[in-house]
Amino acid sequence: MNFQPLGDRIILKPLEADSKSKGGIVLPDTVKEKPQEGKVVAVGKGKVLDNGTVQKPEVKEGDVVLYAKYSGTEVTTKDGEEYLIVREEDILAIVKK
Amino acid sequence: MNFQPLGDRIILKPLEADSKSKGGIVLPDTVKEKPQEGKVVAVGKGKVLDNGTVQKPEVKEGDVVLYAKYSGTEVTTKDGEEYLIVREEDILAIVKK
Amino acid sequence: MNFQPLGDRIILKPLEADSKSKGGIVLPDTVKEKPQEGKVVAVGKGKVLDNGTVQKPEVKEGDVVLYAKYSGTEVTTKDGEEYLIVREEDILAIVKK
Amino acid sequence: MNFQPLGDRIILKPLEADSKSKGGIVLPDTVKEKPQEGKVVAVGKGKVLDNGTVQKPEVKEGDVVLYAKYSGTEVTTKDGEEYLIVREEDILAIVKK
Amino acid sequence: MNFQPLGDRIILKPLEADSKSKGGIVLPDTVKEKPQEGKVVAVGKGKVLDNGTVQKPEVKEGDVVLYAKYSGTEVTTKDGEEYLIVREEDILAIVKK
Amino acid sequence: MNFQPLGDRIILKPLEADSKSKGGIVLPDTVKEKPQEGKVVAVGKGKVLDNGTVQKPEVKEGDVVLYAKYSGTEVTTKDGEEYLIVREEDILAIVKK
Amino acid sequence: MNFQPLGDRIILKPLEADSKSKGGIVLPDTVKEKPQEGKVVAVGKGKVLDNGTVQKPEVKEGDVVLYAKYSGTEVTTKDGEEYLIVREEDILAIVKK
Chain U
88 MNFQPLGDRI
98 ILKPLEADSK
108 SKGGIVLPDT
118 VKEKPQEGKV
128 VAVGKGKVLD
138 NGTVQKPEVK
148 EGDVVLYAKY
158 SGTEVTTKDG
168 EEYLIVREED
178 ILAIVKK
Chain D
88 MNFQPLGDRI
98 ILKPLEADSK
108 SKGGIVLPDT
118 VKEKPQEGKV
128 VAVGKGKVLD
138 NGTVQKPEVK
148 EGDVVLYAKY
158 SGTEVTTKDG
168 EEYLIVREED
178 ILAIVKK
Chain S
88 MNFQPLGDRI
98 ILKPLEADSK
108 SKGGIVLPDT
118 VKEKPQEGKV
128 VAVGKGKVLD
138 NGTVQKPEVK
148 EGDVVLYAKY
158 SGTEVTTKDG
168 EEYLIVREED
178 ILAIVKK
Chain B
88 MNFQPLGDRI
98 ILKPLEADSK
108 SKGGIVLPDT
118 VKEKPQEGKV
128 VAVGKGKVLD
138 NGTVQKPEVK
148 EGDVVLYAKY
158 SGTEVTTKDG
168 EEYLIVREED
178 ILAIVKK
Chain W
88 MNFQPLGDRI
98 ILKPLEADSK
108 SKGGIVLPDT
118 VKEKPQEGKV
128 VAVGKGKVLD
138 NGTVQKPEVK
148 EGDVVLYAKY
158 SGTEVTTKDG
168 EEYLIVREED
178 ILAIVKK
Chain A
88 MNFQPLGDRI
98 ILKPLEADSK
108 SKGGIVLPDT
118 VKEKPQEGKV
128 VAVGKGKVLD
138 NGTVQKPEVK
148 EGDVVLYAKY
158 SGTEVTTKDG
168 EEYLIVREED
178 ILAIVKK
Chain L
88 MNFQPLGDRI
98 ILKPLEADSK
108 SKGGIVLPDT
118 VKEKPQEGKV
128 VAVGKGKVLD
138 NGTVQKPEVK
148 EGDVVLYAKY
158 SGTEVTTKDG
168 EEYLIVREED
178 ILAIVKK
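Residue numbers (the numbering used here), protein chains in the order written: chain U, 88 to 184; chain D, 88 to 184; chain S, 88 to 184; chain B, 88 to 184; chain W, 88 to 184; chain A, 88 to 184; chain L, 88 to 184.
One or more of the hints may lead you astray.
Claimed, not checked - Listed below are the simulated EDC-like cross-link pairs for lysine to aspartate or glutamate, each with C-alpha atoms no more than 20 angstroms apart in a straight line:
#	chain 1	residue 1	chain 2	residue 2
1	B	Lys-132	B	Glu-145
2	W	Lys-143	B	Glu-176
3	L	Lys-134	A	Glu-176
4	A	Lys-183	L	Glu-169
I should point out that these hints are in silico values taken from the structure, not numbers from a laboratory. Every value quoted in this text rests on a predicted model; they were computed, and no experiment measured them.
Generate the whole structure from the sequences, applying the supplied hints.
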């Protein structure tokens with residue numbers, strides 16, 4: 088995966104819904120608004136605030152996170168890999184190891 | 088529960104509606120917009136303000152709080168435990184012990 | 088009443104509409120948008136502004152105030168007491184003693 | 088009139104539409120959006136800005152002002168006196184003596 | 088005309104549509120959204136910015152200006168004079184003498 | 088053309104759609120949302136930012152620019168000349184000579 | 088291509104959907120909301136923040152980027168070349184070489 092996300096964007100590898108989720112959360116395909124689980128594969132530099140300071144991302148590569156369903160933009164690479172480009176705002180929590 | 092909420096998010100364990108509520112408030116399942124009661128199980132670092140300073144959360148783990156109905160995102164863990172990920176803005180008050 | 092409101096929230100005890108209102112204002116149940124009267128029973132720390140400073144509340148416990156109808160969230164305690172959790176923004180004026 | 092308005096609120100005594108208006112403006116009951124005239128009877132401390140400084144009100148007690156029709160909240164006291172609680176933003180101009 | 092506008096408000100004397108417009112612009116009553124011409128008769132202190140500084144108005148009494156049609160609030164004085172209270176934001180340009 | 092635009096406003100002389108456009112762009116009357124070309128004939132002092140500093144305009148008199156279709160306000164002078172008063176935000180790019 | 092974009096705008100040369108995309112992403116014409124790939128041909132000075140500081144663009148000429156479909160404004164030059172003027176906010180990621 089050779090993308091460098093911009094600003095406050097984060098690239099996730101969505102976890103397959105039926106696989107045993109790292110966070111131990113139920114990942115029902117159907118249930119509306121239930122958060123999804125994914126692995127962080129790339130992080131941007133962070134959000135530029137009104138006064139120019141940069142808000143470093145709280146998440147880092149390798150973290151497994153919960154994110155709001157329907158957020159972000161899907162990207163499918165030629166080898167069929169699906170990624171999701173979200174804003175850090177869309178990430179709800181980090182799944183502690 | 089092994090989630091670390093991000094930013095100004097707080098993870099609550101909603102109190103069952105019929106149990107005797109800690110705050111002594113009536114928790115009618117039905118009544119529209121009546122606030123709900125829940126226990127704080129994890130807090131984020133806090134909200135990053137426009138100038139980069141972080142607004143520490145007022146609530147802490149273990150607090151019982153009133154929160155606006157219909158706010159936040161539900162998460163159900165594999166062992167059937169239900170949690171709610173809200174923003175601190177959605178929490179109305181702390182129930183004093 | 089054992090709730091500590093968060094941030095810029097204020098807890099009021101709404102004055103019964105027919106009782107003689109402290110501020111001497113007419114409290115018609117019916118009239119649309121007419122302000123209501125209530126007594127302040129608890130105040131939050133105040134609103135956190137963009138630069139992190141806290142805007143101390145202008146009202147204090149014991150004040151009788153006028154507030155915009157339909158604002159805030161109702162809370163009913165087990166002993167049937169009704170309170171209203173509003174934001175200070177919803178309070179129009181203090182009734183001078 | 089024993090109310091102390093909060094923040095950037097101002098309490099006005101609306102001028103009766105048919106009386107000779109101080110500012111010499113026509114106060115037609117009917118005409119849509121035409122501004123109204125009223126007398127300032129109480130002023131708040133002023134609007135708290137994003138950085139915590141307080142923007143002192145430009146109007147003071149006794150000023151006669153023009154204000155946007157339909158703004159503010161009406162309050163009727165027991166002795167039948169009608170007042171209007173507006174935000175200073177709703178006041179268009181001061182009528183010079 | 089004895090009104091002192093508040094904040095960033097400006098009082099204009101709209102130019103009659105058919106009179107030869109100072110700026111030499113066509114003032115068709117009908118044409119939608121075409122700007123109007125008027126003379127500045129009073130200016131407020133200026134807009135208070137987020138940090139409390141006041142943005143002095145660019146226009147001054149006597150200037151002839153172009154302003155966006157349908158902006159502002161009309162005021163008619165007893166002697167039938169029509170004025171318009173606009174915000175400086177609604178003024179597009181000054182007609183150079 | 089004797090108008091001095093206010094604040095962040097810019098006055099443009101729209102290029103006739105069929106004339107050979109300076110920037111060599113196709114100026115089809117019909118095509119939806121395609122940008123238009125025009126010449127800068129007057130610039131305002133610039134946009135006043137939240138803290139009072141003024142953001143100098145990037146464009147200057149004589150520049151040929153691309154601007155978003157349907158933006159701004161048309162002004163027709165008595166001698167039939169058509170101008171457009173836009174905000175600098177509506178200008179997409181400068182056509183390099 | 089002789090345009091200099093203003094502020095936080097970036098000019099892209101969209102990659103043809105069927106060509107082998109640099110980032111190796113699938114560029115299906117049809118799929119809704121799938122991001123598009125393009126090459127940066129010109130960058131603006133950057134976004135002016137509330138306090139006047141300029142947020143330098145993260146992308147530079149020559150970068151291949153992923154951008155949100157349907158964003159920006161199309162420009163077609165006389166020689167039939169199609170460009171897209173977007174805001175840096177619309178760019179999701181840079182395709183690493």
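Hint check:
no.	hint	verdict
1	B:Lys-132 with B:Glu-145	11 angstroms, holds
2	W:Lys-143 with B:Glu-176	17 angstroms, holds
3	L:Lys-134 with A:Glu-176	11 angstroms, holds
4	A:Lys-183 with L:Glu-169	17 angstroms, holds
Of the numbered hints stated above, none is contradicted by the structure.
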